[in-house]
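J.: First to last, the protein sequences are chains A and B.
Under our numbering, the first residue of the first sequence carries the number -2, and numbering increases by one thereafter.
Under our numbering, the first residue of the second sequence carries the number -2, and numbering increases by one thereafter.
No wet-lab data here; the hints were simulated from the structure.
Treat the hints with care, since some could be wrong.
Copies of the same chain are indistinguishable here, so a pair counts whether it falls within one copy or spans any two.
Here are the simulated DSS-like pairs of lysine-lysine, each with C-alpha atoms no more than 25 Å apart in a straight line [claimed, not checked]:
#1 K313 / K207
#2 K311 / K207
#3 K128 / K172
#4 K76 / K122
#5 K65 / K49
#6 K143 / K354
#7 K214 / K311
#8 K122 / K214
#9 K244 / K214
#10 K128 / K214
#11 K172 / K218
#12 K128 / K244
#13 K143 / K218
#14 K65 / K218
#15 K291 / K244
In this text, all values refer to a predicted model and were calculated from it rather than measured experimentally.
Read off the chains here:
Protein chains: 2
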Amino acid sequence: MSISYSSVYEPLTEQGAISLTVRLGLFREGAPLVCREIGDGNLNLVFRIVDKEAKKGIIVKQALPYAKVVGESWPLTLKRAVIESNALRTFAGYVPQYVPKVYYSDESLAITVMEDLSHLQIARKGLIEGKTYPLLSQHIGEFIAKTLFYTSDFGMNQQEKKQLAQSFVNPELCKITEDLVFTDPFFNHETNNFEEELRDDVEALWNDDKLHLEVAKLKRKFLTEGDALIHGDLHTGSIFASDEETKIIDPEFAFYGPFGFDIGQFFANLLLNALSRPEPQQEPLFAHIDSTWKVFTTIFSELWHTNNVEPYAKTKGLLEEVLHHTFVDAIGFAGCEVIRRTIGLAHVADLDGIENKEERLQAKRHALRLGRSLILQRQNLASTEEIRSLFTESVSLTAN
Amino acid sequence: MSISYSSVYEPLTEQGAISLTVRLGLFREGAPLVCREIGDGNLNLVFRIVDKEAKKGIIVKQALPYAKVVGESWPLTLKRAVIESNALRTFAGYVPQYVPKVYYSDESLAITVMEDLSHLQIARKGLIEGKTYPLLSQHIGEFIAKTLFYTSDFGMNQQEKKQLAQSFVNPELCKITEDLVFTDPFFNHETNNFEEELRDDVEALWNDDKLHLEVAKLKRKFLTEGDALIHGDLHTGSIFASDEETKIIDPEFAFYGPFGFDIGQFFANLLLNALSRPEPQQEPLFAHIDSTWKVFTTIFSELWHTNNVEPYAKTKGLLEEVLHHTFVDAIGFAGCEVIRRTIGLAHVADLDGIENKEERLQAKRHALRLGRSLILQRQNLASTEEIRSLFTESVSLTAN
């Protein structure tokens, strides 16, 4: 007899979370354990259990069967917990230094037990505080290069790749991105959320045929191109960081998607932070963008030449072709992310946290212009340095 | 306890095939049945069972756990029988008039029981005999338009599409295409098979960097782009035809692939037949190419405007963009197919059947030139009519 998913599932209590870690032997016997639920309660329960003497912590994360955003609540598959733990394990096969260790997972309870990263800070929060995280782009560039290469048709047996892709089919979470990143912000949709003062700027986007065509092409790539196992939600809120360490978390949106997507989302969130800073403090963010791309291409190219399983690996021009399209797509995806984080359902604290209202509105107008330029100009940019020019152009315009 | 696949499987006998159809109630009681195995024994057993009085036939097809081509034998997944029967059923949901009815399938025995199409002829055979099948392109154009549209992100709920794609993941059969269509013919590989007299022409392809880059790009599309459920092997040997009817069979290579692939393979096999004909009899084949594309675009466009589920459906230029890329890709895929059918492992009777050796070699040289031109010129062709110019150019050259 098979037991159905929902009949087993129930939300963990703090005591239940402790019992689980003890049962798993993750703490020494008799350790004085304390547990606290530290999640935001919108998508997941997150329990932090600490051995007070040994100062050792463990995280127990459990997916909730619904999502809450801005007061709305809708059902959301528990399978995302399986996607998350499997993605963390797959990534750990290539870059164990950049993901939390997974100690245990339970599909029917939608639970993942993993390394406690409380000594680090969510990168978005630190960036908003003005931190620069000097190694962030080197780590993220390496993370992206290795996970993309090794899960692609260039770095993995092409038949095994198809089976891995099959195990990461992720319709419900992909739909969130398809709607909230690629669609709703570009139409008069009820999920959108923006200050009334921005209405003219927003309506201009809704009526922009040229922009619609380009976003439609980018969305089609997201819907159809299965290059590699991507994180799927690699914004600065999915990154724990310190000056020395970087850990990527929350890959519940992972699936086989286009090479450029993770890079684009990361770029976009650095740009959103730059938009919230005074000009003299923006430089480290642009430097991170340049360095992410440089590290990514260097490592990806090295792996291409040393570990490539594709018979056409040595074909003149193929690597350049792949990198070029990855770059162009990344810029376009970045543009979509910048726009949706400004007027769509899920905002970023970088912009929303600007206290002065006029400055906040101005930053958001700049964001909309920058997003649009990134999408429309993506074929014309020769390097990441030119993102800076688009940025400067966007923030120097003061009227529509 | 679960019973494993291989412990149940055994090849059917003629008596076993009869018993199965009787058990399924496909013949009236007491019908005088005769059964004959009519397959070529290389990949499948194909039993034709006929009620001699009612003149009614049924086909029982069973996959064999190996493939034999040119004396070689290698293991081949039985799952292809499930892919085949599921693809036939999926296609029947959109174009029942163009596929055999499936009455029954058994996964563990790798059996599909289906409509008998013996009143029709394999199109390749008829084309070689000089037949023209006046409705062939209209039917194939409609088949391709409807199956591609309705299984794509434009014609189907985008979440259901992902699940359908997941059920058609087909690594082993895809590998055959990846190797035999996109790779081996372009390298000095042991599977290749060509007359020694062609060696200079073949070696020129092996050393053609420009060609390699373009084929590599096309292969990458085949590996990564999941536009729609494609047949995957739509040559003229997978089509039963008469002057009135057309039925597409053998979709065991079906998977979620690029829009242009089936069209390209069909074009290529019409061109291979044209290469085997005297010039005055080539016209109907070019007319079929023009008409296939015209019917495909007309029906696809109509469905786009009436049945589109994608919010960007009405975006100016998007349909044109999709059709343009489909066309360019189709021409490129056609070029790969023309080349691999000339020098790769699996030839076509259209060319191999040319009795005069010099004429045969000449036709094959023309095929290699045509294939190369299709691949390299694909971006420059404005319409299917221009395929004719490339063809004329290729056959008018007599030296390398």
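J.: Each of the hints needs a verdict: does it hold here or not?
T.: Hint check results:
1. For the homomeric pair K313 and K207, the shortest alpha-carbon distance between copies (8 Å) is at most 25 Å, but the shortest distance inside one copy (34 Å) is not.
2. For the homomeric pair K311 and K207, the shortest alpha-carbon distance between copies (12 Å) is at most 25 Å, but the shortest distance inside one copy (38 Å) is not.
3. In this assembly of identical chains, K128 and K172 lie within 25 Å of each other by CA distance neither inside one copy nor across copies; the values are 33 Å within and 49 Å between.
4. Taking the closest pair of Cα atoms, K76 and K122 never come within 25 Å of each other, the shortest separation being 29 Å inside a single copy and 50 Å across copies.
5. Neither within a single protomer nor between protomers do K65 and K49 lie at most 25 Å apart by alpha-carbon distance, with minima of 33 Å and 67 Å respectively.
6. In this assembly of identical chains, the alpha carbons of K143 and K354 never lie at most 25 Å apart, being 42 Å within a copy and 53 Å across copies at closest.
7. Taking the shortest alpha-carbon separations for K214 and K311, only the inter-copy value of 13 Å comes in at or below 25 Å, while the best intra-copy value is 30 Å.
8. In this assembly of identical chains, the alpha carbons of K122 and K214 never lie at most 25 Å apart, being 33 Å within a copy and 42 Å across copies at closest.
9. In this assembly of identical chains, the alpha carbons of K244 and K214 never lie at most 25 Å apart, being 32 Å within a copy and 34 Å across copies at closest.
10. Taking identical chains as interchangeable, the C-alpha atoms of K128 and K214 are never at most 25 Å apart, the minima being 36 Å within one chain and 42 Å between chains.
11. Taking CA atoms no more than 25 Å apart as the test, K172 paired with K218 passes in both settings, with 14 Å inside one copy and 23 Å between copies.
12. For the identical chains of this complex, K128 and K244 are intra-copy neighbours only, at 16 Å inside a copy versus 66 Å across copies, given an alpha-carbon limit of 25 Å.
13. Within a single copy, K143 and K218 get their C-alpha atoms as close as 21 Å, and across copies as close as 22 Å, so both meet the 25 Å cut-off.
14. Neither within a single protomer nor between protomers do K65 and K218 lie at most 25 Å apart by alpha-carbon distance, with minima of 28 Å and 38 Å respectively.
15. With identical chains, the CA atoms of K291 and K244 are at most 25 Å apart within one copy only, with a shortest distance of 20 Å there and 53 Å across copies.
Comparing the model with each earlier hint shows violations of hints 3, 4, 5, 6, 8, 9, 10, 14; every other hint is respected.
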